[in-house]
Every structure is written in C-alpha cells, then in structure tokens.
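Chemist: The lines below spell out each chain.
Number of protein chains: 2
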Amino acid sequence: MILDKINSPDDVKKLSLLEMQNLAEEIREAIIKKVNTTGGHFGPNLGIVEATIALHYVFNSPADKIVYDVSHQCYPHKMLTGRKEGFLEPEKYSKYTGYTAPEECEHDFFKVGHTSTSVSLASGLAKARDLKGEGGNIIALIGDGSLSGGEALEGLDNAAVLGSNFIVVVNDNDQSIAENHGGLYDNLKLLRETDGKAECNFFKSLGFGYVLVKEGNNVEKLIETFKRVKDSPHPVVVHICTQKGKGCKAAEENRENFHWILPHTLDENQPAPVFEESYTSITREYILNKAKEDKTVIAINAGTPGVFGFDKEFRAQMGKQYLDVGIAEEHAVACASGIATGGAKPIFAVMSSFIQRTYDQMSQDLCLNNSPITMLVYWGGISGADATHLCTFDIPLISNIPNMVYLAPTNKEEYLKMLDWSVDQTEHPVAIRVPMCGLKSTGVEDTTDYSVLNKYKVVSKCEKVAILGLGNFLGLAHKVKEELKINATIINPVFMTGLDTELLEELKKDHSLVVTLEDGELDGGFGEKIARFYGNSDMKVLNYGAKKEFTDRIALDELYKRYHLTKEQIADEIRACIS
Amino acid sequence: MILDKINSPDDVKKLSLLEMQNLAEEIREAIIKKVNTTGGHFGPNLGIVEATIALHYVFNSPADKIVYDVSHQCYPHKMLTGRKEGFLEPEKYSKYTGYTAPEECEHDFFKVGHTSTSVSLASGLAKARDLKGEGGNIIALIGDGSLSGGEALEGLDNAAVLGSNFIVVVNDNDQSIAENHGGLYDNLKLLRETDGKAECNFFKSLGFGYVLVKEGNNVEKLIETFKRVKDSPHPVVVHICTQKGKGCKAAEENRENFHWILPHTLDENQPAPVFEESYTSITREYILNKAKEDKTVIAINAGTPGVFGFDKEFRAQMGKQYLDVGIAEEHAVACASGIATGGAKPIFAVMSSFIQRTYDQMSQDLCLNNSPITMLVYWGGISGADATHLCTFDIPLISNIPNMVYLAPTNKEEYLKMLDWSVDQTEHPVAIRVPMCGLKSTGVEDTTDYSVLNKYKVVSKCEKVAILGLGNFLGLAHKVKEELKINATIINPVFMTGLDTELLEELKKDHSLVVTLEDGELDGGFGEKIARFYGNSDMKVLNYGAKKEFTDRIALDELYKRYHLTKEQIADEIRACIS
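Protein chains in written order, with our numbering: chain E, 788 to 1366; chain A, 788 to 1366.
Treat the hints with care, since some could be wrong.
The list treats identical chains as interchangeable, and a pair is accepted whether it falls inside one copy or across any two copies.
[To be verified] EDC-like, lysine to aspartate or glutamate: derived pairs with alpha carbons at most 20 angstroms apart:
1. Lys919 / Asp1211
2. Lys1251 / Asp1325
3. Lys1334 / Glu1289
4. Lys919 / Asp1081
5. Lys1082 / Glu1072
6. Lys792 / Glu806
7. Lys1082 / Glu921
No wet-lab data here; the hints were simulated from the structure.
Just so it is clear, the structure is predicted and the values come from calculations on it, not from any experiment.
Let's have the full structure, built from the sequences with the hints guiding it.
Modeler: The structure is reproduced here in structure tokens:
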C-alpha cells in the first residue's frame, strides 16, 4: 500500500504520478469504509482527494499554509499529515475530529466548522506573513457551497487587493449541500462551459488572477496548475471542477443525500427506514398544508434543506413558495423581514449553530422593524457535537434582542399551536425553538392564546419549591420533582424572551425556592433573568444549564453530570437549599 | 420656490426638466442649511439629490417601492414625500429622524441605519409581490461604501436570480466614508472608465442586467435610464456615478470629512478646534508608538477610521501596519484572528453598534480558536442615539461568548495598561470597552496584572452594601455612595466576562446587599451573572442598567430616569432594600 509510506507531506513529494493516482484510490477506499462505519462528511471528502494530494505535492506545508473552508473536506489532508490511523484503524476512528484542529497537527491552522471562513482567515495569515517579512504561500480551499456566505464574499473582496501571494482554490463540484442557488453559481457554470475563457468572470471582476482546472480529479493537471501559481506575487483563484462523491456510485448520483451520511448507509440489505413522526415531520406537514391554503406562505432555508425534511418532494410541492438562499443566513433573515413587510408569511428554518451567522440582521432588519416572520430554530440544546457545531448559545443570542418573541414549546400540540399563531400574526418577529427531545403528545388540542405574551403555564401548583422547566427540560423538571418526593410546583415558562412578573410575584407568597432548568448556556440565558427578578427578595433561586464553554465531542451524559443536570444532583442541591 | 408645490411624489411628476433642475438646487440649499445647523449626514445626501428626483419622477411610490441603504442618503427623499418642513423650518428640524422610518411616511418601508441591508430587504418585498401576484417595481438604492458588506453581497447573489422585476441602483461616488477598499471598487472604476463596456463586470457576473449612468447628477440622463429599466422583467443594476457632497465646495473637496458633519462646520470664522486629550487621542498615540517599536502591530478598522482618529496622518505613519477593510466587519474579525494566528498583533477598532455585524466570526473564527487579538469597542453605553445606532447591546453580545475576555476600564492608566497587556499577550481574544465618559486620570501608573483573569478591584472596602460600578458607571457608584451617606464598599469589576467568585463569596460575610451598575442592556448582561451567583444565598442583589428595548433619540437624562439610573433613585431603592 502506498499509504504505508505516507507519514507526512514530505512523503507525498517522493511519489511518482502513478503512485499518487494509486494513493488517491487508497485514500478513497479508506474514507468510504471509515465514514460508512462512523458516519460523517462523505461526498465532499471523496471529491477533494486528488486536489489534496496535489497541494501537498506542490506546496510545502506547514511553511506554506493551507486553510480548509468548513473543513469538512479535510479527511484526505488528515491522512497525508500523520493522522492516517484515524481512517485505517477502526479502533482509532474516533481519535481525530472531523474538522481541522491545530491541537492535532502543525498542518492545521484553525478549528473550522462553519462555512465561508477560509478566505478571511487565510488572508490574515498572509497579512501576518507580510508584516513579518516572511515568505511562503497561503492557500484557502473554499467551495462546496460555501462561496455564497457573506464572510467569504467580504473576504474575497479584500483578499483580491492584498498585493502579495494569496491562492484561493475554489472547489467547484456543481453542488452545495443541496443544489446551488445564487447568481454566482451561474458564473461558475459559464466559466466551466467556456474553459474559463468567458470574459465576465466573478473572480477577475474582484481583481484576482484566474486559472481553471476542468479536470479537478486529475492529479497531473492539478499539479501542473498548482506549480504554475506557486509563489504567485499576487492573489489568484484556481477554479477546480471536481466530482462530489467521486468513487462511490451512489454518492456521485445522489450528491445531496451523500453529502453527510449516517453509519452503514452503504451496507447492503439495510432495512428500509421506518417512518416515525417527529417534530421535523410534523413541521414539514404543517408547512405543506398551510402553504396550500395560503399562497403567501413561504418556507425559507439557507442551504441545509435536508435538516428540516425539505426534501425534493417538499420543494416540488411548494414551488415558488420555497426559497433556498444557499449558505447566506444574513440574507435569509433580512429577506424574510422584507417578505413579511410586503405582506407575505415567511417561515425561516435554521439550525441553532448557524443562527449565529445573522445577529445584526435579527436585530436591525428584523426586530427593529418588528417584522412578523416565523423562525424555526432546530437542534437548540446541549449536545455532544463538535466544538464547531454546538447549539448551546441560541437562547442568549436571540432572547436579548428587543421585540423578539422566542418560544420554547414542550409538546406537539403546543408546538403546532405556536406555529400556527406565529405564521398568521402580524405583530412580532417570532422564533420557536423546535424541541430536541422525542415527540411528546398530550392528545389534547392546545388552546393557548400566544398573543398574550410572557404568560407562563403552571403545570402543577404546590408550594415551597417551584421548578421552571424550559422547553426541552420540562421533562427534567418532572423527574426532579419525582426524585425530590415533595409536591413541587412545576412551571412551563413558554416564553424565553420575557418574565411573567405577575406569576413570579405570586410565587413569593408560598414558595421559598425557584429552580430554573434550561437546555443551553446559562450566561445571558433565561435563568439569570429569573435570578435578577428575585434579587431583591427572600426568594432563593437555583439556575441550571450549560457552562459558558466550547465543548468538543463530549458525551451528553458526561456534560449533564458536569453541569449538575442529573435529577439526582438537582434534587440534592434543592434539598440542601431548603433544609 | 418649486419646493412650495411639492407635497408628494405626484407633484414631482408634474414638473418640467428645468423645474426639476431648479428643485435640485433648492433641495441642496435646504440640506446644506439644515445639516449645518443640526449636524448630520452631509455628503451622501448632497450627492443623491438628482437621482432621488428622477426616481420619484419615473416610479410611482409607494406602489413602486424604493429601499434606501444605510438610509443616511434619504433626506431628498424625505423632502419629496411630505416631510420638507423638517428641512425648511428650523423649529421642525428635529421632527424627523435622519433615516427612513415607516412610522413617518408610507413611502418608507424599513427603519434602516446599518449598511448593506437594502438589497436583501428589497428582495423580500419583491418576493412578497410575486407570491401575491402583484405588480410594481422594487428598487434598492445602495452604494456610498455599503456594497462591501457581507449582507449586501449575499443579497446581490440571491437577488440576481429572483427571476422577476428588481432594480438595484448603485450610487457610486468613488468613496466610502473614507476612501474605498476592496477589489470590487476597482471594478466600479473600470466600468466608469470604459463607459460601462468592460466585459468583466461584477454585476453581470452575478447575472444582473447592467446600465451605466455616468452623469449621475444629471436629472435628464437619470430619468431616461430609469424609464428604460422601469418594469424590467428581470433584475438589473443601474450604476450611477455621482459627486459626493455636490454643491458644497468644501464637501466636494474633502469627501471624507464631510460625510457627516457637526453643527456649524461650514460657518465662517469657526474657532479652531481645541485639542483635548481623550480616550480616542491616547489610543491613537499608543498605537502609533507601539507600531513603531513592533512592526507586527497592525491597526484594523471596517470603513469608519474617522471615529477612531485614524486620520490621514495616522494612516501615512502606519503604512502597511494599517488596514481598512471597508464595511466588512465579518472579514475584519476573521482576518484579525488569522493575523494573530500568523504571529502578528492585530488591534481592531469598532463601534459598539457595528460589532453586532460579526457575532459568528467572534464565536467561531476568533474565540473558538482563542486567537490573541485586541478589539477596541467604542461608544458602548446608553445613549440618545437613533434606534439604528444604539450602543447598548455589546455586553450581552460579546460577554457570553466562551474564551472572550471583555474588559471595562475606568480611567486612563487602567485603559493603557490593559491595552498594552492585551496587544502583547498570546493567550486570549481580548475586547476592551473604551470608556465613554471623559478622560479620567489617576496620575498613578496602573500595575495590575490583567493576565490574572476575573480579579475585581476593591476601590473602598466597607460593609453592608457593596456597589459594583462597571466601566463607565464606576463614577455613578461613587455618587450613589455619597448620596447614601453610608460607607458602602465600592468595587470596580474590570472583567465583564467572568466572576471573581472569591471576592463575591467574601462579601457574604459582612454585606447584605450587592448593587450592580452597568452602562448597557440588563438582559444577558453583567449584573444578571451576579444575581445568579447569589441566587442561593441570603445576599440581596439589585441590578441597574438599560431595559431591553430600542429607543429612538431619547435624551440621555430621560433614559437614566426611565431606567432608575439617577443617584437619587438608586440610593432610595438601596435604602428601601436594607431598611
């Protein structure tokens, strides 16, 4: 095996062309086997194998510095930079993160997981190099849908005028996670179809030099071009056309579904997936029905439709009532605000981790204008995810913006009622944190009037101790009560953006302790607002939630223990407090 | 006067070309007089007079909808849409806001003050129009430096493929607030120089139709072109070349200084400004000196150098150690992170209101990577500003991001010591909230070691009541103590991002009340963290700061009263609490 000889990029430089071609096949085979076992990013990594080999053949990492955008296409890079064991030895499959990680290796420069960051980050490396009077090439590898993000576009505009060496490799696989959206991609297509000769060239218009490598999975052609641009004294774009999912027929044919796969997706005789009703499925169904009866309803997402069940059938049924803006969350929120101002009804679905990309638009374009949009925030909560994809921060992020109404439903009926209210109302920007726990149904229609803001629900009224279980954590509140073996009051706060001061005041009469449970960061979150409210009273307050920290692939159970979020820990601390 | 006859856009349509030309002069004269009296955006409004007249002549607002970017170039629009009194009658000068405001007029669609938003917002209006099967033109007027923001670029990429009527008017006055930066502006220049014929055209590369109006202050030419693109069935860019500051010689000649002016700037025999040492001046001086002794120090800003005293002399002295990225805060933060990773020392200066534009970059590119940059946050605090430019939100925004160190200096020596520590350290992303109050000096060098995080300073130790006066509000803490006439403990917390748990624990021994004062939004801010800390104790806590709300040009005194921030109010409430 060629891979046996590869322990660092230096070893790549010793290979013949034929060996490099064989190496590509070996890497591909390892990725297919590994990712089909563990799950992970599949298509992007298979497409970028040859380019990674060629980069390490031509350039001298880490003196030359390669920055991977999203960094979900860094598996081949990891295999060539001393971390192949993580792909070849099943017992070491989980040793390395699925993204670049400077603590793992001198060939990685940044922890990266959100898209569209590589050009700006790498241009910073270039600027530092120039300030220090050093040499070396700086390379940003972007593409696979991430060109459309505002940060990437700001970065390109600025990097083009760096005035020194800077190489942007644009990995054009004619695909984002789903299909491409935006005029930029039409230009990439034109450039592909004209062998890069079309005069109207997005990159050239910004001032970049430009080279096209049409055969972006051909090591020889790539090497030839990378040699040509190496040590370029000015910024240049190398536009490479690659095959997403290359080497795996299913992935080549269905690029969207194989962008990221679950374990064993490729195994034969996989049992057909059993359909289970979920918050995702009921949202999908709700939107389809609502859109049929109201032609002004429009479902929006920013380049990740699969997460929300916005599959091809959904898109076809929705027609022009569906809008995928590509990876462009800022535009999504501002555009939704405009749609609402224009009298239509936008529903923007977004993952908690990615709503971070659009704070100013939520504040200025949306909330300052009080535009009635519905924002569905998915996956919000403590999780064992990679540090780059934590969903712990959306409550502090969203709920401190004036005018926003951020709701935390706790069961199916509540959720659907909120959704329906939100879509039709015309008063507020509303965000709903789609529950992360399994679908819970009360079987009884929710008749709450959510237009009465900041009205908490008393689930069971007792005395002494009141537990406020927010959203995902209402269930935990019940468990704590059971564990305590006392008749605690249970409250479902519903509204993360405001206080039910009347109820909180009332609790003072016969309660001495209020406990808040929230599935997210404590700092700046919901519980602290309760603590502030009671600051000037005899009421004791205990706040539970996540610590302010970036965690990286730590099991949920462990995190719960760390944050004192087990029912036993909470019950003990409540006992200590009221004894 | 022609203006006498103009009460709505309909009246503009009745004018002859000559009358419109005269109208332009009348508008210009009114703007010069008004803005020289009240202060405000000057150059941008003078440049856009003819285009505004032509837009209202050709299009039928509000059926056709014009969205103004930044909206600091909307004065002529306001004068043509029923609000001329605000520019002609001195007693009504303050009646209307300096930005578009839907509550004022049916011809305004959004409250806008941050840049780069018009294309996304307007494309939402277009989408709503299409969903509802309505007609009419949608026009976004962008330019004057705002093209480079990520939201604008995401918006253009998406708007280009709307597939229906959409008109982007690019106001190219060859200037941002300061000079232009970024490759995009080189393309605008090329287009100007080739009469719009250059094939390599940024807008065309995205898919827009394109027309150039080289004489962008010529009403006739503008009308001719707007007529041509009116009812265009597909998205089109009208690139107009205007003279920023037109009609005022000083403003034409010094476009940067006359972008926004103070009252009476144009008056003759103005006394020469007296130089006063300020936080801005000492920062400028510090950076210049530091940059001389360390060639890796680099000062960064995003298109607003004047705010930080980064004047032409500063830029010349700094040379390549100065970087203006244009309006592109996302790039600024990510690039700074890259610069720090590359071993150089970036200092990014930014206004509190604009740091909002870059949350995800602070979280992912910066703090997750723990890159040692220095971020200077200016103007943070409660103010009587327009709703679009509030600086009340930076503490909740910044301080809940893991790994960030956010410092609140209270005097000159502290500030300089923090700055010096921050620039040279290599452990943390550090933000410093540059004080808003006048420069205070202790006259004694600060010897604090700020690398010991979260160590609060006890200014005076007494018992019973402890007042934590954060940053700008340390002075208020002293005043409250004086008002109280008791020996309260005064604490300068210094660190907004963490708790000095040892000190806070210690206070429990001989204090029964802790009071926090912060110059910013209470929700998600500093005080709530203190309330949470003491939730489970007998310590009472009172938190003072701003309410979660957008305020609009409300006098500071009034806001302080509203938020119970006068020393009398606070003292009364403390007395009530400890009695």
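Chemist: Give the relationship of Lys1082 and Glu1072 under a CA distance limit of 20 angstroms: within one copy only, between copies only, both, or neither.
Modeler: Within one copy only: 16 angstroms inside a chain, 60 angstroms across chains, cut-off 20 angstroms.
Chemist: Go through the copies and call it for Lys919 and Asp1211: within, between, both or neither, with a Cα cutoff of 20 angstroms.
Modeler: Between copies, since 15 angstroms is at most 20 angstroms while 58 angstroms is not.
Chemist: Given a CA cutoff of 20 angstroms, do Lys1251 and Asp1325 count as a within-copy pair, a between-copy pair, both, or neither?
Modeler: Both ways: Lys1251 and Asp1325 sit 12 angstroms apart in one copy and 17 angstroms across, limit 20 angstroms.
Chemist: Up to 20 angstroms between alpha-carbons, please classify Lys1082 paired with Glu921: within, between, both or neither.
Modeler: The answer is between: 12 angstroms across copies meets 20 angstroms, while 59 angstroms in one copy does not.
Chemist: For Lys792 and Glu806, with the copy left unspecified, which applies at a CA distance of at most 20 angstroms: within, between, both, or neither?
Modeler: Within one copy, since 11 angstroms is at most 20 angstroms while 82 angstroms is not.
Chemist: When no copy is specified for Lys919 and Asp1081, does a C-alpha distance of 20 angstroms or less occur within a copy, between copies, both, or neither?
Modeler: between (60 angstroms within a copy, 10 angstroms between copies)
Chemist: Taking 20 angstroms as the upper bound on the Cα-Cα distance, should Lys1334 and Glu1289 be classified as within, between, both, or neither?
Modeler: For Lys1334 and Glu1289, the Cα distance is within 20 angstroms only across copies (18 angstroms; inside one copy 29 angstroms).
In this structure, none of the earlier numbered hints is contradicted; all agree with it.
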